[in-house]
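Number of protein chains: 2
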Amino acid sequence: MPIFILDVDATFKSVKAAKSEPLKVASANWVATGWLVARFVKTCVVIDVGSTSTSIIPVINGGILAAGKTDLEKLMNGELVYTGSLRTNVAAIVSSVPLRNCVVRVASELFADSGDVHLALGNISEKEHTTETADGRGKTRREVLARLARVVCADIEMLDKEEIVQIARYICGEQVRQVAEALEQVFSRIKSHTNEKIPVVVTGLGKIFIARAAAKMIGVDEVIDLEKLIFGDAFVYGIPSSASIKEGVTKASPAFGVALMTACKLQGEN
Amino acid sequence: MPIFILDVDATFKSVKAAKSEPLKVASANWVATGWLVARFVKTCVVIDVGSTSTSIIPVINGGILAAGKTDLEKLMNGELVYTGSLRTNVAAIVSSVPLRNCVVRVASELFADSGDVHLALGNISEKEHTTETADGRGKTRREVLARLARVVCADIEMLDKEEIVQIARYICGEQVRQVAEALEQVFSRIKSHTNEKIPVVVTGLGKIFIARAAAKMIGVDEVIDLEKLIFGDAFVYGIPSSASIKEGVTKASPAFGVALMTACKLQGEN
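Top to bottom, those sequences are chains V and D.
Each residue of the first sequence is one higher than the one before, counting from 1 in our numbering.
Each residue of the second sequence is one higher than the one before, counting from 1 in our numbering.
Possibly wrong hints are sitting among the right ones.
BS3-like, lysine-lysine: derived pairs with alpha carbons at most 27 Å apart [said to hold, decoys possible]:
1. LYS191(D) to LYS16(D)
2. LYS13(V) to LYS197(V)
3. LYS19(V) to LYS191(D)
4. LYS127(V) to LYS42(V)
5. LYS127(V) to LYS13(V)
6. LYS24(D) to LYS161(V)
7. LYS265(D) to LYS251(D)
8. LYS161(V) to LYS191(V)
9. LYS251(V) to LYS216(V)
10. LYS197(D) to LYS228(D)
11. LYS13(D) to LYS69(D)
12. LYS42(D) to LYS161(D)
13. LYS161(V) to LYS19(D)
14. LYS246(D) to LYS228(D)
15. LYS19(D) to LYS69(V)
16. LYS16(D) to LYS42(D)
17. LYS161(V) to LYS13(D)
18. LYS24(V) to LYS16(D)
Okay, the calculated bits of chain V under chain D, using three or more residues with CB under 8 Å as the criterion [claimed, not checked]:
19. 89 to 99
20. 104 to 111
Simulated from the structure, these hints should not be mistaken for laboratory data.
Backbone N, C-alpha and C define an ideal beta-carbon position, used for all residues, glycine too.
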């Protein structure tokens, strides 16, 4: 079976060619997502909030108009925010949190991660929390709240549940704000390329509680769920719409994109 | 040999008493440092910047006037800043860094820690960097710079040395700013207790490049090095002033304090 490597310009390279230009193929997953969305919406900004990081991909007239090709360039241009739904250390999201009308500095250890935050807030289910926890313990509500309390060097005897949930709400808000700030940066750059209103297409585990919230925060009118977009248009590609495939589209959009891209290339489409 | 546990009120408790009141004895190391300094300077603020965290201890008229007794209360009151000279994840210190006239978001992983920052800047020697590195590799300049480059998802081929050192300088500045902010908070609270100018006494591995820098940042006139204070007054306690004991005073002030406290109690002093 031949192996091809997707590059940052949305073309497939041979293994040999990929090896000779590693920066052209490193971390190119966002390209597949951008390509996929561009099949459905010609001009938009895609936000894919995964477990670990968030890609913001501008699509103009059916093509990806990314300012950054490497992760470094993307971090500069607002096209990559290293914050996600599960694996992000809370200490990397906030330096302090509000509590009892005070501001409390947080511990700089890995005591809790964004998975705990979103479990505590009911944004994700225990089943959706697929990664290891910070302390290796379980994902029951009690264990989740204990980890979050530890972020301010406390425990579930020192803080009551509502106080801990309030802390989680603040941390979630900060994640949204960081993604919104990057989204704003991408919008300012691309708005000169079109006169149309630019919708936002959201995907990834954090598509609702982070991506859509960020788009709403900066006043985007139209926010489209990629999963609904694809299965509204399923006939075109003959994709069966089982629950597990729908889930796959949301949680692994790049994989879905690259599969569809391969199918199109095999059929001689572009 | 009898075992006693130091509590947050600077008294020794039996093991049984300590067990019955765990919050009274948890994380009480700062008490020993405060007690130690109060033997020499009746009114001051102590800053002890260790490998992992920074204690800010107000001493008024020979007594410790801490607003917080637990870590949670200290994080609220500016008496504990969870930032240190070696073990602090860079992603917990900054959310972005300046580079090439841009602002770059940082990766939220543990790619580099404050030990790398201070090695890169020459603030500490390789020998003083006593903890594990983030990637398990060594502490040569090349390895240190590689870890720091990774914080912005780059490597030492994508960034030149001076750019990486600039990033380290910015991160160090942010640590200083965070400690200065907490110091300011402590000063505002205690200044009504005395008409004297309040000096700052610094100790810990980060006493010069973090503690003194923070004191200078908020305009403190007099900054005293605890090590020099003690060995200028060595006759009183008959402490031999070998280089290793001096180093011990700086790097483990609480241990030195609790030893001296024990000696005083045994001699019937307070």
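- Query: Any of the earlier hints contradicted here, and which numbers?
  - Reply: As far as the earlier hints go, 1, 2, 3, 4, 5, 8, 12, 15, 16, 17, 18 are violated by this structure, in ascending order.
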